[in-house]
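Given the sequences, and given the hints that come with them, work out the whole structure.
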Amino acid sequence: MNEALYFVKYFMRIRHYIFVRLPSGLAKGAKAEVSFRQNQPRETLHMSNTSLSRQALRMAASLLILGAMPLTSQAQMTNITTVAKSTPANPASLTPDAADPRQYLEEVEGEKSLAWVKAQNERSLKRLTSDPRFAQYEADVLKIVEATDRIPSPGFANGGFIDNFWQDKDHVRGIWRRTDKASYLAGAPKWDILLDFDALAKAEGQNWVYKGASCLPPQNTRCLINLSNGGKDAVTVREYDLTTKSFVEGGFTLPEGKQIVTWKDKDTLYVAREWTPGEVTPSGYAFVTKVLKRGQSLDQALEIHRGEKTDMMAYRTVLRDIDGNYVMDYAERRPSFFEVDTTWFTDAGEVKLPLPLTSEMNAYYKGQAVFSLKDDWTSAKGTKYPSGAVIAFDLKAALKDPKNVEPSVIFAPNDHQSVAGIGQTKNHLVLSILSNVTGQVQSVSLVNGQWVLKPLPLPENSSLSLGSTDDESDQLFAWSTGYLQPSTLYIADADKTTVTKLKASPERFNAEGLKVEQHWATSKDGTKVPYFVVMKKDTKLDGNTPTLLYAYGGFEISLTPSYSGAIGKLWLEKGGAYVLANIRGGGEFGPKWHEAGLKTKRQVIYDDFQAVAEDLIKSKITSPRRLGIMGGSNGGLLMGVQLTQRPDLWNAVVVQVPLLDMLRYHTLLAGASWQGEYGRPDVPEEAAFLKTISPYHNLKAGVKYPEPFFVTSTKDDRVHPGHARKMAALMGDMGLPFLYYENTDGGHSAAANLKETAKRNALEYTYLAQKLMD
Numbered sequence: 001m002n003e004a005l006y007f008v009k010y011f012m013r014i015r016h017y018i019f020v021r022l023p024s025g026l027a028k029g030a031k032a033e034v035s036f037r038q039n040q041p042r043e044t045l046h047m048s049n050t051s052l053s054r055q056a057l058r059m060a061a062s063l064l065i066l067g068a069m070p071l072t073s074q075a076q077m078t079n080i081t082t083v084a085k086s087t088p089a090n091p092a093s094l095t096p097d098a099a100d101p102r103q104y105l106e107e108v109e110g111e112k113s114l115a116w117v118k119a120q121n122e123r124s125l126k127r128l129t130s131d132p133r134f135a136q137y138e139a140d141v142l143k144i145v146e147a148t149d150r151i152p153s154p155g156f157a158n159g160g161f162i163d164n165f166w167q168d169k170d171h172v173r174g175i176w177r178r179t180d181k182a183s184y185l186a187g188a189p190k191w192d193i194l195l196d197f198d199a200l201a202k203a204e205g206q207n208w209v210y211k212g213a214s215c216l217p218p219q220n221t222r223c224l225i226n227l228s229n230g231g232k233d234a235v236t237v238r239e240y241d242l243t244t245k246s247f248v249e250g251g252f253t254l255p256e257g258k259q260i261v262t263w264k265d266k267d268t269l270y271v272a273r274e275w276t277p278g279e280v281t282p283s284g285y286a287f288v289t290k291v292l293k294r295g296q297s298l299d300q301a302l303e304i305h306r307g308e309k310t311d312m313m314a315y316r317t318v319l320r321d322i323d324g325n326y327v328m329d330y331a332e333r334r335p336s337f338f339e340v341d342t343t344w345f346t347d348a349g350e351v352k353l354p355l356p357l358t359s360e361m362n363a364y365y366k367g368q369a370v371f372s373l374k375d376d377w378t379s380a381k382g383t384k385y386p387s388g389a390v391i392a393f394d395l396k397a398a399l400k401d402p403k404n405v406e407p408s409v410i411f412a413p414n415d416h417q418s419v420a421g422i423g424q425t426k427n428h429l430v431l432s433i434l435s436n437v438t439g440q441v442q443s444v445s446l447v448n449g450q451w452v453l454k455p456l457p458l459p460e461n462s463s464l465s466l467g468s469t470d471d472e473s474d475q476l477f478a479w480s481t482g483y484l485q486p487s488t489l490y491i492a493d494a495d496k497t498t499v500t501k502l503k504a505s506p507e508r509f510n511a512e513g514l515k516v517e518q519h520w521a522t523s524k525d526g527t528k529v530p531y532f533v534v535m536k537k538d539t540k541l542d543g544n545t546p547t548l549l550y551a552y553g554g555f556e557i558s559l560t561p562s563y564s565g566a567i568g569k570l571w572l573e574k575g576g577a578y579v580l581a582n583i584r585g586g587g588e589f590g591p592k593w594h595e596a597g598l599k600t601k602r603q604v605i606y607d608d609f610q611a612v613a614e615d616l617i618k619s620k621i622t623s624p625r626r627l628g629i630m631g632g633s634n635g636g637l638l639m640g641v642q643l644t645q646r647p648d649l650w651n652a653v654v655v656q657v658p659l660l661d662m663l664r665y666h667t668l669l670a671g672a673s674w675q676g677e678y679g680r681p682d683v684p685e686e687a688a689f690l691k692t693i694s695p696y697h698n699l700k701a702g703v704k705y706p707e708p709f710f711v712t713s714t715k716d717d718r719v720h721p722g723h724a725r726k727m728a729a730l731m732g733d734m735g736l737p738f739l740y741y742e743n744t745d746g747g748h749s750a751a752a753n754l755k756e757t758a759k760r761n762a763l764e765y766t767y768l769a770q771k772l773m774d
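Reminder that position 604 of the sequence shown reads as 604 in full-length UniProt numbering, one-by-one numbering, no gaps.
It is worth saying that the hints were derived from the structure and are not from the lab. Using N, Cα and C, we set each Cβ at its ideal position, and we do this for glycine too. Treat the hints loosely; a few may be bogus.
What the hints assert, rightly or not - Here are the computed lysine-lysine pairs in the DSS-like style, where the Cα-Cα straight-line distance is at most 25 Å:
(1) Lys515 / Lys599
(2) Lys599 / Lys691
(3) Lys528 / Lys574
(4) Lys592 / Lys540
(5) Lys592 / Lys537
(6) Lys524 / Lys599
(7) Lys618 / Lys537
To be verified - Across the chosen pairs, the derived CB separations fall in these ranges:
(8) Glu472 / Asn448: 21 to 29 Å
(9) Asp394 / Asp415: 47 to 55 Å
(10) Asp323 / Asn448: 18 to 26 Å
(11) Thr129 / Thr667: 49 to 57 Å
(12) Gly575 / Lys503: 25 to 33 Å
(13) Gln296 / Glu460: 35 to 43 Å
Below, the structure is given as structure tokens:
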């Protein structure tokens, strides 16, 4: 595939998956599915721009999000605080502009706003860190995340090597390292450090956070290293030579920015970035691509593609086959988060294909362009293709006769299935499929014009995800995990359809006496909503079990069972129950499950979450006094809505890197890129709906609200910290209690290194213990 597509998915999907926490990096060919994968072994965010499939598969580098990231902390106090009748009414104006007296908090580095942040941090940290549990929680999490017996998450590299990005107590920022495949498979890797990011940061006096590398195929020895200051999405790009293990003197260097960079050849880059001040889309992303030759300064680069100023993003890039051979150029305009308008550059000129704008290219396999459909589609010949299907067609033939594209169907899911990921080996495609939120993996080949799918014999009724896939063989790595099952790594052969278990992660908590159950709640409109419960086998159904409920509910992100040492150690071992809700807005049951909650239909997402909570209370697993909730990014919005819509249901609310002002979200950082999900505040009908759910505009006087804990980061340049700041300040103005912690580093993940991760988790679980266990 190409780096551009990778970075788009890195910037968007994941960057969007606003706080869905993924592995801290994705390896060559790896498709990181968004799953509840806290503390999953970290993979290398390394890629060569060969096949489209591989990139699409590596689409999600971790940081945030981007995975489902439930961890929280905070204080004690009563279950629901009573607000005196004298509490002032919500002073937040329903006009989204300057009438808001707290808008100064949107000045990220403003002196006044940082003074407010400092005061809130000091107040909240004093309370939380003085709790004796905090120090123990922090030590427990640090021991887990820095454990040296973690599985080094592997990424295939050229020449029979395995790459890995590794962090521990001695490598807080991490190292990019490499070993030969034989020693890795034998369990005795001989690591050679390619780049030490702690040493680099120290030598340069910079707060570098590694955000991945794009290497030039087929040799993949020259790489573009992406370095972030403090964890921001914006990166500095520098050329690195893996042979000499040094940055290239006089090599390509691009200053900090949200940029998409593609290797054209060894002396040429395609670069989409902010070329002149303000030359970005309303979302803050690039829409102008220029070609940059080796030795040229940025002002010498020549424009080769320009999208529309109103796009979310636009760029020109390169398609390559699995061997790294150049196929053709193409450009993508993304009018919205879920739409892609592609132009192919052929010898005969520019060509567009008549596919839905919501379709997405996943791989280029044996001359076949592989797409996934997000909407039902009917071809010119009248053939109907269902939403969620994976289709393919001869790309070059289609470009010669675009009006008559007639794809074949590789896989069409039923109502209980969705395609979670697509990978590609030397001779096969690999599909990761969810069926009722459990996984299966299929090897796919094209035989005599027919698609043949064969299952890989991985554990049944388990949460499965694709790891790195090898473009030099038919091998691939796969992971199996569960709430009580530590991550297990397998190596599979897509041609022979064989699977070999390599290693299982050590247990990080005592799971004896625990059980996992899947339940179904009935939402307000009658829709059945699944959720998982992890609790003691002998749990008394008396409503007294401290329970943490987590969900995300957006951007077609699927949350599946996964092992979390932190949740197990800090919550389950202490007698708590953990619940994961697969509410609408996610991708667990395909595009339609997601589309059911788009824009003005979004209330069903919040109804689903409330239905799960009410089901937990009805079954007497817990009660409002013992029920807490957590969510980040889009899940942070979910938390804000639940706080304001149903304050009677919870006694603890952890609101991580949230969106909360839904009348101004489109004006803040990358906010405009999410209008395809939430709707447009400048469209009257959509604005009217957003007013009804916007947490910042729906706090009411005289209502008992639980004391929430807001967690955000000054360095988050995706979801503006002003959301959390203003909501917390408003609660303070209304005389309502709240706790607040803003990390000065960390980007959208709210933590730039392992120690910061441990601190944040300890704060969150201290809060939860105070609220739900005391």
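For each hint, the structure was consulted:
Taking the CA atoms of Lys515 and Lys599, the gap is near 37 Å; set against the 25 Å cutoff, the hint is violated. The suggested pairing of Lys599 with Lys691 holds, with an alpha-carbon distance near 12 Å, which does not exceed 25 Å. Only pairs whose Cα atoms come within 25 Å are accepted, and Lys528 paired with Lys574 is rejected, the gap being roughly 31 Å. Distance hint between Lys592 and Lys540 is unfulfilled; the C-alpha atoms sit about 37 Å from each other, more than 25 Å.
Between Lys592 and Lys537 the alpha-carbon distance is near 35 Å, which puts this suggested pair outside the 25 Å criterion. For the hint linking Lys524 to Lys599, the alpha-carbon distance of about 18 Å falls within 25 Å, and the restraint holds. Distance hint between Lys618 and Lys537 is fulfilled; the C-alpha atoms sit about 18 Å from each other, no more than 25 Å. Taking 21 to 29 Å as the suggested C-beta distance range, the pair Glu472 and Asn448 conforms, at roughly 25 Å.
Look at Asp394 against Asp415: about 31 Å separates their beta carbons, and that is not inside 47 to 55 Å. Restraint check, Asp323 to Asn448: a C-beta distance of roughly 23 Å satisfies the suggested window 18 to 26 Å. The hint said 49 to 57 Å for the Cβ distance between Thr129 and Thr667, and at roughly 35 Å that hint is violated. Distance hint for Gly575 and Lys503: a CB-CB separation of about 31 Å, consistent with the stated range 25 to 33 Å.
The given range of 35 to 43 Å is broken by Gln296 and Glu460, whose C-beta atoms sit roughly 55 Å from each other.
Of the numbered hints given earlier, the model fails hints 1, 3, 4, 5, 9, 11, 13; all others are met.
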